[in-house]
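**Q** Numbering (our numbering), first residue to last: 1 to 731.
In short, the hints are calculated from the structure, not lab data. Take these hints with a grain of salt, some might be off.
The calculated lysine-lysine pairs, modelled on DSS-like cross-linking and capped at a C-alpha distance of 30 Å, are [to be verified]: (1) 46 - 110; (2) 144 - 110; (3) 105 - 144.
Please read all numbers here as calculations on a predicted model, not as lab measurements.
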Amino acid sequence: MSELLPFEKEKQDQTVVLGGTLLSITFRNEDNGYTVARFEPEDGGKPVAVVGPMPGVVEGDTLRISGRWTQHPTYGRQIEVERCELRPPAGRRGLIRFLGGGRIKGVGPKTAERIVDALGTDVLDRLERNPSLLGTVAGLGRAKARLILAQLEEQRVAAAALVFLQEHGLGPGLAQRVWRAYGERTIETVRDDPWRLAEEVWGIGFRTADQLAQDLGHQPDSAARVAAGLVHLLGRAAQEGHVGLPADLLLEQAAPFLEVDDSRVREVLAACIDERRVLDDGLVYLPELLAAERAVSARVRRLLDHAEPLAPLASLAPQAAVAYAEQRSGLSLAPDQRRALEVALGSRLAVITGGPGVGKTTIVRLLLDVLVSQGCRVALAAPTGRAARRLAQATGAEASTLHRLLGIQPAGAGFARPAAEPLALDVLIIDETSMVDLALMAAAVTALPDEAGLILVGDADQLPSVGPGEVLAAFIESGVVPVARLSTIFRQAEHGGIVRVAHDLNAGEVPAFDEGPQGEAFFIERNEAGAAAETIRALVVERIPRRFGLDPLRDVQVLTPIHGGPLGTVALNELLREALNPPGPGRPELSRYGRLYRLGDKVMQVRNNYDLAVSNGDIGVIAALDVEEGELTVDFEGRRVEYGLDALDQLEPAFAITCHKSQGSEFPAVVLPVVGPHSMMLRRNLVYTAFTRARRVLCAVGQWRALQSAVATLGAGQRHSRLAERLRGEA
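With the hints as extra help, turn the sequences into a complete structure.
**A** Rendered as structure tokens:
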């Protein structure tokens, strides 16, 4: 290692605090403020590289930074910034850089030099006291002087607000987000009601806002705090899948969470309901979720009120349509399949449900053929990109994600298609409907034309949606939506092991795994986590690829219930990356946002990005990586997508993924750890979902008693919602 610079600490893990000037910015992520830059210390030392959250800074700014020295394998020694404060510029050189470095529009270095030379090195203080002085600088017109003064005032107010927020515990990235939300009202807003930040500023949770409020001297039983706590608890419940909460349960949770007397919580809850900040309609709701539940129930009831079948098929009765479908396809349908077609064609709304191998895709294909042959405009959609591609491959027709069909807007701004501009279709068929949450279903049914039909296809026994609600289950439970259940297993001969094991498990029976040479479903007992991890490594890297002729990287997928622990996604991703894609010559790597990206890594897109045309859940392999530019290319099953530094946080390692992330996907081979430490997550519907993701090979690894426990444990309990009641007209 080279000799340390004078201002460096002896130990590289010690904190360093430096004042100085930002010379240049190499990279900036505007969303989170992550910046890579060159920084010149004020003590005259050599410029150094600084990386970390430095939102809002521009070249020429005078800063005070604190952080730690780190050694990057490619870029060498650099400071990883933990805190960054904007300071008033000092001296002629610093002032010229500040004024002419791009922060003030219309002022370049030469104009900045004229201003500083005319008004001196105390120019900022003088202009704050007497703004008219700027008009005395030669070459500045009155209009330009006013523009410069307005920007200087904005900079002064922004700097004061950012310093205020950071002094009260917010990091620079969060402070910048607060400033963007409230502008010149930042200090006033935060002082009056700091808990607003938890609702209105992305990335700030209730606990952060509450700590800020405490630092500002607010009382723990203030109405603003209790109201914010109630909203937070309803939001947390929504993250757990609930649409609303019973009032008694909300109060039971709120008093200990807020450490406030129960009577005070009741008083504030009543006030929140009066102010319509939350709504009471059998449950206590956040307004947007009650609106979504009402929208779904109202639209569905209108669909059910249509007694006639789908309009374009009025001349073809459902029974005749079934015979027509059999004739066109050459298939002899089972009784439950015939009923599924009759139900779907005999109403404006129908649900087709069933487990793996029972022919749901066949029914969709037949429905599509019959409807299109009768002149229907049919749209096929699914909640995820992978599910949409599977649907397209199975039917030979175009399919899209629901988000794309409805015109999702970025940054959570909702859907672009208003109710006044319905979709141009006669029938919408949605596959994998168990994954569709309440808000997405509300957008879908609202976008339907008045005369259109809706056919929902899915397995109601799989994991429910990540978002709030159990829409498919509510439709079935309501008793008013026509439902066709498919139960005849057609994939028994082709994939007997997996399908039978999944059906046995779903029926509450501990499955007997196939052990013969043709079996595709196996259980390998390992009672220690270390032994289970090593077995999983061997299965993925060697045993499954060798026996079944599969690619270990692209065809074998590890699913796990949790992120943490020795058999969670984090540990298994590290284990499998080192086995399948170890470091070495020809495998460059980037480290960003706490993640490592290496050429050849298996990665997953974790949110929809319509600019890149990739969807949440898409899995690919890093096919190219440019360390100098900080860019990489991912091969998504033959389609190459380029990622810049600003999009890397949308990629996660995918050698192992959670069972929830696997919804809507299928893989040639699935390996699943089933162990006691996962017991909080090991429930029948989770293991069932994981089992049904496998096409050819399923290997469960772990403790037999853990599998028995999972089979005996139903889902995490019914989610609180009144959708089924509303569909029945009881709410």
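**Q** Among the hints numbered above, which are violated by the structure, and what are their numbers in rising order?
**A** Violated hints: none at all, because every hint is consistent with the structure.
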